[in-house]
Amino acid sequence: MSILVYIEKDQGRIKNSSLEAVSYAAALGEITGDKVQVVSLGEAVEGEAELLGKAGAAGVIQVTDDRLAAGVIQAHAEVVAQVFDKVKAKTLVLAKSSLGDAVAARLAVRLEAGMATNVVGLPDLTDGFVVRRSIFTGKAFVDTGIHTENKILAIKKNIQPVKTDGSAAPVENVTIDLPGETFSAKITGTEKATGEVLLPEADIVVSGGRGLNGPENWGLIEDLADALGAAKGCSKPVSDSGWRPHHEHVGQTGVKVAPSLYLAVAISGAIQHLAGVNASRYMVVINKDPEAPFFKVADYGIVGDAFEVVPKLTEAINALK
Amino acid sequence: MKILVCITHVPDTTSKIKFTDNNTQFDKTGVQFIIGPYDDYALARAVELKEQSGGSITVLNVGESDTEPTLRKALAIGADEAIRINAFPKDAAFVASEIARFAKEEAFDLILMGRESIDYNGGMVHGMVGELLGIPSVSPVMKLDIEGNTATISREIEGGKEFISVDLPFVAGCQEPIAEWKIPNMRGIMSARSKPLKAIDSETPGSKTETKKYELPPAKGAVKLVDTVEELVDLLKNDAKIL
Ligand SMILES: Cc1cc2nc3c(=O)[nH]c(=O)nc-3n(C[C@H](O)[C@H](O)[C@H](O)COP(=O)(O)OP(=O)(O)OC[C@H]3O[C@@H](n4cnc5c(N)ncnc54)[C@H](O)[C@@H]3O)c2cc1C
Ligand SMILES: Nc1ncnc2c1ncn2[C@@H]1O[C@H](COP(=O)(O)O)[C@@H](O)[C@H]1O
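Chains as they are written, first to last, in my numbering: chain A, 3 to 323; chain B, 3 to 245.
Derived CB-CB ranges, DEER-like: (1) A:Arg15 with B:Ile148: 32 to 38 Å; (2) B:Thr22 with A:Gly182: 48 to 54 Å; (3) B:Glu217 with A:Arg15: 34 to 40 Å; (4) B:Lys243 with A:Glu52: 25 to 31 Å; (5) B:Ser67 with A:Asp179: 46 to 52 Å.
In silico DSS-like pairs for lysine-lysine, Cα to Cα no more than 30 Å straight-line: (6) B:Lys106 with B:Lys92; (7) B:Lys163 with A:Lys194; (8) B:Lys4 with A:Lys188; (9) B:Lys4 with B:Lys163.
Hint data in this document are derived by calculation from the structure and do not stem from the laboratory.
Just so you know, these numbers come straight off a predicted model, no measurement behind them.
Every residue gets a Cβ at the ideal spot worked out from N, C-alpha and C, and that includes glycine.
Bound conformation, chain A alone (with noise of 0.2 Å):
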């Protein structure tokens, strides 16, 4: 039997959540036996087979349809679920996102298989086959057990480390047949940020809120997480009032972030943005009222003006290079 692990690429590259999905599916595969198969689909982009088995993958089968390059949510599903039955797989594990939750539900109704969202880490296989997932939006934990053969994850960013060990996987290339149907929600363009760490993605994020007071001092923003190597977020009335786009927008209603630095400058903490950020590994608060609520769940703060702290930060961290 074998595990199937559904991969997503960007600009060229496989997106790392992904590569901690095939770490997470080699991890369960050293538990029940199991092969970790991973279905690539659009063009392969460069090192892939070497990357995915590193990561942890026995074999990549690799679906190259011009029509997949894009995310169709439908025909993505199909050839999954194709896949599925051919590799002889039981469980199909990928990472949480836009495309991957659209794809993911459709499978779990074909393949009839139990879905788990947003599982923090691997099965207690004891007694049946137990998952953790996050709930409440990071605010809970709930251990659920799913009956069914056939299993769905989808893996929370950075429960897993990715594996570097691996020796290169082998390809298959596949051809798969797709009905028209498949392809009746059509992709007419896209509009996308490029040569950006995306924000889902990123290790380090660093977010500005309305403290800052107008979209002119964003450079303070762009400045630090330039010297961090870091994605750019901000708070709902940033993003509501036009300063930033909407795909920047952290929290309850936005995105949800885990990286293993948030750093929030001039948040006041609200509970709905602390919702979306709350699986950070450390957060560091810099804002000029002591009181402010996002010092109750930080790991470190200043208590300063944003407008003298961050330019120094900025410098200091330079200054590391």
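Assemble chain B with the ligands onto chain A, guided by the hints.
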């Protein structure tokens, strides 16, 4: 246009989450329940679409009788009728199966949901319903316009957005800024009292998953406050070992 909007009945976003019965039940005491924030966006867009081109809005919740005030609120916001499928929502697949069964008989032109529920955060039900009904599903949707039989959608992707053209019927998981939340006015609240709210029986036999136990995350230690950026960099380097 006949629109179905599926709503959740969830703890207010500021709620403190607690459990009882040896961590096997969610503790509802003192919790204020609301329409899921994303579902509220879906409903608001449905009301706008109806204002533009007529039709009807059915709101649906799979839940026990305590969710009825939340359905009434949706009627006050502008839905025409409410359906409660009487069952504890065991998991996403269970809910999807109930919604699909209902939707199959009614032939809706459009099914709107929230991008995700804020209790279980799965983001799964819309895709499952799409697959069960054999129609497209698109999520998370930030913009949705309908012209004749075709919808133009902008879907959020990591770092940007994607534009999609799709024919009705389909399922969409909605999020802001698709519409502004609508607050019920007095007339809406009055008329909601006489709008139909029907409870129907559930038919899905079991579920594929089971909740074993809940747990709260460990409490955070106290923040380390420092005065200078040098001290902060030192902590990041030597304490957190991140830099
Ligand atoms: C249903 C619902 C969902 C929501 N979802 C989200 C969400 O997903 N994400 C989100 O962020 N919010 C969300 N909110 C909004 C949330 O409640 C807060 O209103 C919001 O997070 C506040 O943003 P802020 O901290 O940037 O602004 P403010 O609360 O105005 O805080 C600004 C902070 O900046 C500090 N400050 C000001 N000047 C300086 C300076 N010069 N130097 C340093 N510090 C300074 C102030 O002390 C203050 O703490 C939601 C609200 C609701 C009701
Ligand atoms: N019990 C329920 N009743 C009606 N609709 C629901 C229910 N649970 C989820 N939904 C809908 O499905 C969406 C996605 O939910 P989820 O997959 O749980 O994140 C929600 O935003 C709702 O629109």
